[in-house]
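Start counting the sequence shown at 2; every next residue gets the next number (our numbering).
Just so you know, nobody snuck in bad clues.
SDA-like mimics (lysine to any residue), calculated; alpha carbons at most 25 Å apart, straight line:
id, residue 1, residue 2
1, K20, K31
2, K20, S9
3, K33, Q48
4, K31, Y42
With beta-carbon atoms standing in for the labels, derived distance ranges:
id, residue 1, residue 2, range
5, Q48, L8, 47 to 53 Å
6, K20, N43, 29 to 35 Å
7, Y42, M2, 55 to 61 Å
Derived by calculation from the structure, the hints in this document are not laboratory data.
Where is the CB? At the ideal position from N, CA and C, for every residue including glycine.
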Amino acid sequence: MRVVILLSLLLAACGPSGKIAESQRQDLDKAKAVQQQVDSYNQQLQQHTDSSPAQ
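Produce the complete structure using the sequences and hints provided.
Written as structure tokens, this is what we have:
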């Protein structure tokens with residue numbers, strides 16, 4: 002009996018996630034784009050720092 006309940010809960014947890022509002026999705030997409038830009042900048046900065054001669 003416990004196994005059946007456990008399997009039911011696991012299957013319910015694997016179901017499709019709830020949909021978020023369109024404006025929230027757009028905000029999330031914008032935030033992801035900004036994060037990519039920040040990551041790219043940080044990577045370029047790190048490369049520049051690594052290639053600079055040590056003093």
